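S.K.: Chains as they are written, first to last, in the UniProt record's numbering: chain S, 1 to 313; chain X, 1 to 477.
Treat the hints as calculated values from the structure; they're not laboratory data. Since the model is a prediction, treat every value here as computed from it, not as a measurement. It cannot be assumed that every hint is accurate.
[Said to hold, decoys possible] Using C-beta positions, here's what the derived DEER-type ranges look like:
hint : chain 1 : residue 1 : chain 2 : residue 2 : range
1    : X       : Ser37     : S       : Gly23     : 51 to 57 Å
2    : S       : Glu171    : X       : Gly194    : 50 to 56 Å
3    : X       : Glu26     : S       : Phe8      : 40 to 46 Å
4    : S       : Arg197    : X       : Val460    : 50 to 56 Å
5    : X       : Gly387    : S       : Glu171    : 29 to 35 Å
6    : X       : Leu156    : S       : Lys43     : 40 to 46 Å
7    : S       : Ala244    : X       : Val460    : 55 to 61 Å
Here a beta-carbon is modelled for each residue, glycine too, at the ideal position from N, C-alpha and C.
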Amino acid sequence: MSDFVHGFWSLYISIITIAGFIGLFILLLSQNKVKKAAGEQVKTMGHVWDGNLEEYNNPLPRWWMGLFLLTLVFGVVYLVLYPGLGSYKGVYGWSSSKAYEDEVKVADQQTAPLFAKYRAMPVEQLAKDPAAQQMGQRLFLTYCAQCHGSDARGAKGFPNLRDNDWLWGGEAKTIEETILHGRPPMDQDGKQEAVMRMPAWGQSLGDEKIKDVANYVVSLSRPAEADASRAARGKDVYNQNCAACHAANGKGTQAMGAPNLTDNTWLYGYKMEDIVLSITNGRGGLMPAQEKLLGKDKVHLLAAYVYGLPKDQ
Amino acid sequence: MTQSFKNIPIKTQPAPPLDDQDELYEVRKKIHPRAISGLFATWRWIAVWVTQLVFYGLPWLSWEGRPAVLFDLDARKFYIFDLIFWPQDFIYLALLLMLCAFGLFWWTAIAGRLWCGYACPQTVYTSIFLWIEAKVEGNHLARQKLDAAPMSGRKLRLRATKHAIWIAFSLWTGFTFVSYFTPLTDLFRESRHGGLGPWELFWICFYGFATYGNAGFLREQVCKYMCPYARFQGVMFDRDTLIISYDTERGEPRGGRKKSANPQELGLGSCVDCSICVQVCPTGIDIRNGLQSECIGCAACIDACDQVMEKMNYPKGLIRYTTENALEHRYAEDRFLSHILRPRIIIYTVILAVLVTSMVWTLATRNPLKVDVVRDRNALVRETVFGQENAYTLNLINTDDHEHLLMIKTEALPQAELLSDQALPVRVAAGSTQRLTLRVRTKGTLAQGSNPLIFVVQAVDQPTMQRREKTSFQAAR
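Kindly produce the complete structure, drawing on both the sequences and the hints.
M.R.: So, in C-alpha cells, the structure goes:
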C-alpha cells in the first residue's frame with residue numbers, strides 16, 4: 001500500500017476505512033432499540049408469501065451483536081498492526097516482499113548444509129550422484145528449460161546440450177564457466193565482451209560469393225546436397241574469410257565459440273537458405289551469466305546435471 | 001343524537017411512555033429440556049451410538065498395514081479401505097457431495113427433518129452433552145434450580161466437574177478428528193513424547209473447542225440462527241411431507257381434568273395442557289402452535305405426549321408424524337404411503353439413482369493408470385538434419401497397488417517416430433509417478449502448424465489398463 005503516487009489516495013483510503021468502522025459502530029448502537037407502543041406486537045416486514053407466510057422483524061440474538069463488535073475490534077487491532085490504511089506501514093512493518101525474503105532466508109538456511117556437501121564434490125563425481133542429478137534437473141527445469149527445452153535438446157538458436165558437440169567446450173569446468181559467466185563471458189563488472197559474434201558478410205562478399213561459400217559449407221557435411229562447382233569456388237572464399245575462426249578444416253574453434261561446420265549439428269538451421277542467411281547477416285547468440293541470479297552452489301549442481309546428461313549419439 | 005355524544009365518557013389513553021422500547025438484540029434464554037424416553041428417543045440414541053461408533057471407531061481399524069481410513073494430506077492420498085484416492089479423483093468427492101445433497105432433499109421431502117432430529121452432529125453431540133449434564137447436575141428441574149442459585153461450594157464443584165468432563169470429551173473428539181489425517185499410532189507416539197506438530201495441536205484444540213462450544217453452549221441457537229439447512233428445508237416440504245404435528249381438532253379445547261373425568265362432558269379435547277411437550281423441546285417451542293421453522297423434527301414431543309395419553313388412557317398420537325393433507329382429511333392417515341410417489345419424489349429418486357449408479361460404475365471400472373501429456377512449450381519445434389522434432393513430457397501415474405510395465409506408442413501421425421530417453425517399456429512402481437521425456441520425430445512433409453497426435457499408454461501385463469491421450473505435433477513451415 002506504499003506505492004501510491006499521490007498522498008491524496010492514501011488519505012482517501014484511510015478516511016473511508018476509518019469512517020466505515022465508526023459509522024458501523026454508531027449504526028449498530030443507534031439501532032439497538034425498537035420503539036414500540038405499549039403492548040404492541042412485533043411488526044412484520046410487510047412481506048407475505050403463499051397467502052399467510054409473513055416475515056417478522058424479530059430481534060437478533062445478543063451474541064450476534066457481540067460477534068459483530070468483536071469483528072470491529074479485530075479489524076481495529078489488525079489495522080494498527082498491519083498495513084491497511086493507505087501508506088501507513090503498521091506496527092509490525094509487515095510487507096509481502098519482506099515476508100517472501102524471510103521465507104527465502106529460512107529456505108536457504110535449511111538447504112545450506114546440502115549445498116555445502118555438494119560444493120565440495122567435483123562436477124564429474126556429482127554427475128553420477130542420483131540425488132544431485134535430481135536437484136539439478138529441478139533447477140534446470142526452472143532456470144534453463146525456457147531456452148534449452150525440458151529435455152535439454154535446445155531449439156533453433158539455442159544449443160542442444162545432449163549431443164557431443166560443444167560450441168565452447170564440453171569439459172566439466174568449461175560448462176560451469178559457461179553457466180557462471182555466460183557466453184560470450186562477462187567480466188567482473190558484469191559487462192559482456194561483445195566482440196565474439198559471427199560478423200555479417202553480406203556487404204563485403206555479395207550474393208554470388210555467399211552462395212558459393214554456403215555450398216562449400218554444406219559440402220563439408222553433406223557433399224551430395226551441394227553444387228560442386230559453386231563449392232569449389234566457395235572454398236577460396238572460405239579460406240580467405242572464414243578459416244580464421246572456423247579453422248581451415250572447418251572444425252571450428254571452441255575458444256571463440258566458432259562452431260564445427262563438418263558435423264550434423266546446426267544451431268541456426270541446416271538448410272541451404274538458413275546457412276545463406278547466417279553468412280549474410282551474421283549471428284550472435286548470448287548465453288546470460290547466472291552467477292548473480294543463482295549463486296555458485298546452484299550453478300555447480302546445474303553444471304553437474306548438464307555434464308551428466310546422457311548423450312544421444 | 002348529537003346531545004348524547006357529549007355524555008359519552010371519553011377516557012384519553014395516556015401516550016405510551018417514551019422509554020417503552022425493546023432491545024433489538026435478544027438475550028438468550030437458557031433451555032433445559034426435560035429428558036424423555038420412548039420410541040423416537042430410542043431411535044435417536046441408536047443414531048447416536050451408530051454415528052459415534054463409526055466416528056470414534058474407524059481410526060482404530062487397520063487395513064493392510066495402514067489405517068483403514070486415512071486422509072493423508074502430505075502425500076495427497078486418501079485411503080478408504082481398499083480404495084486409494086488421488087487428487088485426480090476429486091470428481092468422486094463432487095459426486096459424493098451431490099449424493100449427500102440429493103439424499104437430504106429426498107428424505108426431507110418424504111419425512112421432513114429426519115437428519116436434524118436424529119443424525120445431525122449438532123443434535124448428537126448436544127444429546128451426549130445433555131446426558132453428561134444430567135448425570136452431574138441432575139434433571140432439568142435441578143439444573144434450573146442450580147442456575148438460579150447463588151455461587152456456592154457445591155455449585156462450583158458441580159460446574160467444574162461438568163466442564164471438566166465436557167472438555168475431556170471434546171478434546172478426545174478433536175484427537176479422533178485429527179487421527180483421520182495423521183495415523184492414530186503416530187499421534188499417540190508424538191503426544192507421549194510431547195511433540196505434537198503445531199497444526200495437529202491446533203486442530204485438536206480447534207475441533208475440541210468447536211465441539212465444546214457447539215454442544216455445550218450454542219446448542220439450539222445453531223439450528224435457529226446459523227444452520228443453512230434450517231433456512232431452506234422449508235422449500236422441500238409440501239402438503240404430503242411427514243411432519244410432527246399436534247392434532248388441533250382432537251386436542252382443543254385444552255384444559256386440565258381428572259383422569260376419571262369424561263372430557264366430552266367437560267367440553268374439553270384430548271390435550272390436558274400438561275406442557276410436557278414444551279418442556280422436552282430442545283429448541284424451546286410449543287408444537288401446539290403449529291409447524292415452526294425452529295422445529296428440528298426430533299419427535300421428543302411425540303414421545304412425551306404419548307406417555308401422557310397412555311397415563312390418561314386416551315389413544316396415543318395427539319402429537320404425531322402426519323401430513324398436512326392427512327390432518328385436513330384429504331385422505332385417511334394410513335393412506336400416507338400411497339401419496340409418497342409424487343413428481344418431486346420421483347425426480348429426486350431418479351437423480352439419486354443416476355448418481356448412485358454412476359458412482360458405483362465409475363468406482364468399479366476405475367482405471368488405475370493416469371497419464372498427463374505435456375508438450376514442451378519451451379522449444380516449439382526443432383529442425384534437424386534427421387527431421388522435425390517435438391519434445392513431450394509424460395507423467396505416468398500408477399495408482400494401483402502393484403508395479404506395472406508400461407508400453408508407449410503413438411497414433412494418428414503415420415510418419416511419427418518415437419524416441420525415448422528411458423528404455424521402453426517403462427517400469428512404474430505401485431502408487432508412484434514416473435516422468436518420461438519423449439521426442440517424436442517426423443520425416444517428410446507435414447501440414448504446417450498443429451497436427452493431431454495420440455499417445456497410447458498400455459500396461460504390458462494388463463491390457464485393460466490403457467490410456468489414450470490427445471496432444472498435438474507442431475510442424476515448422
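S.K.: Could you run down the list of hints and mark each one as holding or not?
M.R.: Structure-based check of each hint:
The given range of 51 to 57 Å is respected by Ser37(X) and Gly23(S), whose C-beta atoms sit roughly 54 Å from each other. Checked against the hint of 50 to 56 Å, the pair Glu171(S) and Gly194(X) passes, with Cβ atoms roughly 54 Å apart. Range check, Glu26(X) to Phe8(S): about 45 Å between beta-carbon atoms, so the 40 to 46 Å window is met. For Arg197(S) and Val460(X), the Cβ-Cβ distance of about 52 Å falls inside the hinted range of 50 to 56 Å, so the restraint holds.
Taking the beta carbon of each, Gly387(X) and Glu171(S) are about 31 Å apart, inside 29 to 35 Å as hinted. Hint check: Leu156(X) to Lys43(S), Cβ distance near 44 Å, so the stated range 40 to 46 Å holds. The hinted range of 55 to 61 Å is satisfied by Ala244(S) and Val460(X), whose Cβ atoms lie roughly 57 Å apart.
Going through the hint list in order, the structure satisfies each hint without exception.
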